[in-house]
Amino acid sequence: MPTKEVFTAPDYRRADGYVSSTKPLSYAGVVIEGMTFTFKDGARSLGEVALVPHKTPISLSGLTFFNTLFDENASNHLAIGAAYAFSLKGGTEMSQEELKAAGLNRSTAHVDFMIGSDKMDIDGITKDGQVVPIFRGGEWAI
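Residue numbers for the sequence shown follow the UniProt record's numbering, so the first one is 1 and each next one is one higher.
Hints in this document: simulated from the structure, not taken from any laboratory.
Be aware that one or more of the hints could be misleading.
Said to hold, decoys possible - Dumping the calculated DSS-like pairs for lysine-lysine here, alpha-carbon to alpha-carbon at most 27 Å:
1. K89 <-> K100
2. K23 <-> K4
3. K89 <-> K55
4. K100 <-> K55
These numbers come from a predicted model, not from an experiment.
Work the whole structure out from these sequences, hints included.
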């Protein structure tokens, strides 16, 4: 299935903030709606940050499939749990201890939940503090 997703593994020691889900999540046979998370002093359970423009075919269908492999192609999303080792240069050759030392969250779980909408704006901040628009109105700005 074609996708427009760009994702990375956040440094669990540096991820802080507040987020709410925008779509229901089906997990272990239970549908969960309206989730909110607050990450303070390093989000030790955050494993993925993924950017997906709002106007993808799956999003435009208006359907929720209650299957993460489809639903994650409709929205920006985060994952609670393990970060993908291949997100880090040389990560697939590292031990679990080395991955953790590099800032990748280690867990036996990886659960995506959707946070995107057509109202979402995202900015990046460069090393020198410059703010760079990444998403405006749920779509790529760069």
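#### Entry: Hint consistency between K89 and K100 [alpha-carbon to alpha-carbon, up to 27 Å]
Holds: K89 and K100 sit about 14 Å apart, inside 27 Å.
### Query
Within a Cα-Cα threshold of 27 Å, do K89 and K55 meet the stated pairing?
This hinted pair is violated, its Cα atoms lying about 31 Å apart.
### Query
Given the proposed pairing of K23 with K4, does the C-alpha separation stay at or below 27 Å?
holds (18 Å)
### Query
For the pair supplied as a hint, K100 and K55, is the alpha-carbon distance within the 27 Å limit?
violated (35 Å)
Of the numbered hints given earlier, the model fails hints 3 and 4; all others are met.
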